[in-house]
Amino acid sequence: MSSSQMLKGILDGCLLAIISKGETYGYEMIEKLELYGFRMVSEGSIYPVLLRLQKEGFVKSVMKESPSGPKRKYYTLTPSGENEFHEFKERWESLSESVNRLVKEEI
Amino acid sequence: MRLSKESEEFIANLRLYLMTSGKKDSEIKDIAEELRAHLEEAESRGKNLDSVTGGSPEAYMKNVSSEMITDFYGLIKFMPMFILLLIAYFITGSAIRGELSFSLLKLAAFPLIGVASIAAYIVTFRKMAVKKWSKKKEFIIFISIQLITVGLMSAVLLLDIFYFEPFYIPSREVMWIIAALGVLIFIIGAIWSKTWITIILPLFLFGPDFVMSFMDIDEMTALYVSMGTFVGGFVLFMLYLLIQNKKQNPRYS
Numbered sequence: 001m002s003s004s005q006m007l008k009g010i011l012d013g014c015l016l017a018i019i020s021k022g023e024t025y026g027y028e029m030i031e032k033l034e035l036y037g038f039r040m041v042s043e044g045s046i047y048p049v050l051l052r053l054q055k056e057g058f059v060k061s062v063m064k065e066s067p068s069g070p071k072r073k074y075y076t077l078t079p080s081g082e083n084e085f086h087e088f089k090e091r092w093e094s095l096s097e098s099v100n101r102l103v104k105e106e107i
Numbered sequence: 001m002r003l004s005k006e007s008e009e010f011i012a013n014l015r016l017y018l019m020t021s022g023k024k025d026s027e028i029k030d031i032a033e034e035l036r037a038h039l040e041e042a043e044s045r046g047k048n049l050d051s052v053t054g055g056s057p058e059a060y061m062k063n064v065s066s067e068m069i070t071d072f073y074g075l076i077k078f079m080p081m082f083i084l085l086l087i088a089y090f091i092t093g094s095a096i097r098g099e100l101s102f103s104l105l106k107l108a109a110f111p112l113i114g115v116a117s118i119a120a121y122i123v124t125f126r127k128m129a130v131k132k133w134s135k136k137k138e139f140i141i142f143i144s145i146q147l148i149t150v151g152l153m154s155a156v157l158l159l160d161i162f163y164f165e166p167f168y169i170p171s172r173e174v175m176w177i178i179a180a181l182g183v184l185i186f187i188i189g190a191i192w193s194k195t196w197i198t199i200i201l202p203l204f205l206f207g208p209d210f211v212m213s214f215m216d217i218d219e220m221t222a223l224y225v226s227m228g229t230f231v232g233g234f235v236l237f238m239l240y241l242l243i244q245n246k247k248q249n250p251r252y253s
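Keeping their order, the protein sequence lines are chains A and L. Heads up: the first sequence is residues 1 to 107, going by the UniProt record's numbering. Heads up: the second sequence is residues 1 to 253, going by the UniProt record's numbering.
No wet-lab data here; the hints were simulated from the structure. Honestly, I wouldn't trust all of these hints.
As the list claims (entries may be wrong) - Computed cross-link-like contacts, DSBU-like style, restricted to lysine-lysine with a CA-CA straight-line distance of at most 30 Å:
{"no.": "1", "chain 1": "A", "residue 1": "K71", "chain 2": "L", "residue 2": "K5"}
{"no.": "2", "chain 1": "L", "residue 1": "K135", "chain 2": "L", "residue 2": "K194"}
{"no.": "3", "chain 1": "L", "residue 1": "K77", "chain 2": "L", "residue 2": "K24"}
{"no.": "4", "chain 1": "L", "residue 1": "K24", "chain 2": "A", "residue 2": "K8"}
{"no.": "5", "chain 1": "A", "residue 1": "K73", "chain 2": "L", "residue 2": "K29"}
{"no.": "6", "chain 1": "A", "residue 1": "K32", "chain 2": "L", "residue 2": "K5"}
{"no.": "7", "chain 1": "L", "residue 1": "K132", "chain 2": "A", "residue 2": "K71"}
{"no.": "8", "chain 1": "L", "residue 1": "K29", "chain 2": "L", "residue 2": "K62"}
{"no.": "9", "chain 1": "A", "residue 1": "K73", "chain 2": "L", "residue 2": "K131"}
To be verified - Which stretches of chain A does chain L cover? Using the computed rule of at least three CB atoms under 8 Å from a CB of chain L, they are:
{"no.": "10", "stretch": "15 to 28"}
{"no.": "11", "stretch": "46 to 54"}
Claimed, not checked - Part of the chain A face toward chain L, derived, beta carbon under 7 Å:
{"no.": "12", "residue": "S42"}
{"no.": "13", "residue": "E43"}
{"no.": "14", "residue": "P70"}
{"no.": "15", "residue": "K71"}
{"no.": "16", "residue": "R72"}
{"no.": "17", "residue": "K73"}
Ideal Cβ placement from N, Cα and C applies to all residues, glycine included.
Generate coordinates for the entire structure from the input sequences, incorporating the hints supplied.
Written out as structure tokens, the structure reads:
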């Protein structure tokens, strides 16, 4: 299983995490993801996820003129998005703990 | 900043694909603008289209489409107008020529041919958006659909003349009224769709018949004039679509 396949299931949560750090737009999210070491994401794959997050009411967006050139779509979390993010964090912590215990044979 | 031709084509194709998938116009505009902004930044940093689509525009378009709500209400909303226009296209010409008659065959076959032809166009548009076809291939496919449609319609007309009794032939006065209704539908269609296309196209299709119905011209000449303007109209229509497409993607050249 490639890392991009593994990421698929948790990209929603990762994007919620990035957006929770403050209003941001698509390209900037990619840069931030790269900053955290995500290199396997094909850049466009975030947009279908953003569409889904918006459809589910976790994020809202607003079009703004950028200082240089094209209009950008800026995203922020909604209150239910904040909730979802916290739940994701809990789910992730328990899952990653279990996986770590398993692969490192800590029992 | 200008985008590479490849990226411009990708955005135009994505719009086409989403449009023929019945997505909302405003949402299509949104995602197209967002991706344009992304591609501009990516290209200014030396990346290319593949970094966004992951190498498969087709898979990417399907992925985007699957996350957008299909606007069934929007589709249903314009069906009545669409059907009216279709009927008007079928009967206005013969009403003007004074050849309008209703038979069972026509009533059954024309709607089928119309729907099949439109379905073929939509399927082609969708395939065209995700596959990289040459302009030549696109042109040949569109011309083929057009020829098959016209061929089928002619076959039905011939069959109709030889084998089917019309159950109703309107009087000449009624035909003029039907023709006038057809014209009215075209005008309403133009106002409704905010384009000139439903006026310009019928003008080319039926205009000559209308003028010639007042003149003393032999049938062969009339046929040639009709065919000539029909082909001319079709070419103009294609040009119009091309210009519209450029207008909607102003940076595309």
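Quick rundown of the hints versus the structure:
no. : hint            : result
1   : K71/A x K5/L    : holds, 20 Å
2   : K135/L x K194/L : holds, 28 Å
3   : K77/L x K24/L   : holds, 12 Å
4   : K24/L x K8/A    : holds, 26 Å
5   : K73/A x K29/L   : holds, 12 Å
6   : K32/A x K5/L    : holds, 28 Å
7   : K132/L x K71/A  : holds, 29 Å
8   : K29/L x K62/L   : holds, 17 Å
9   : K73/A x K131/L  : holds, 29 Å
10  : 15 to 28        : holds (count 3)
11  : 46 to 54        : holds (count 5)
12  : S42             : holds, 3 Å
13  : E43             : holds, 5 Å
14  : P70             : holds, 4 Å
15  : K71             : holds, 6 Å
16  : R72             : holds, 5 Å
17  : K73             : holds, 5 Å
This entry satisfies every hint, going by the numbered hints stated previously.
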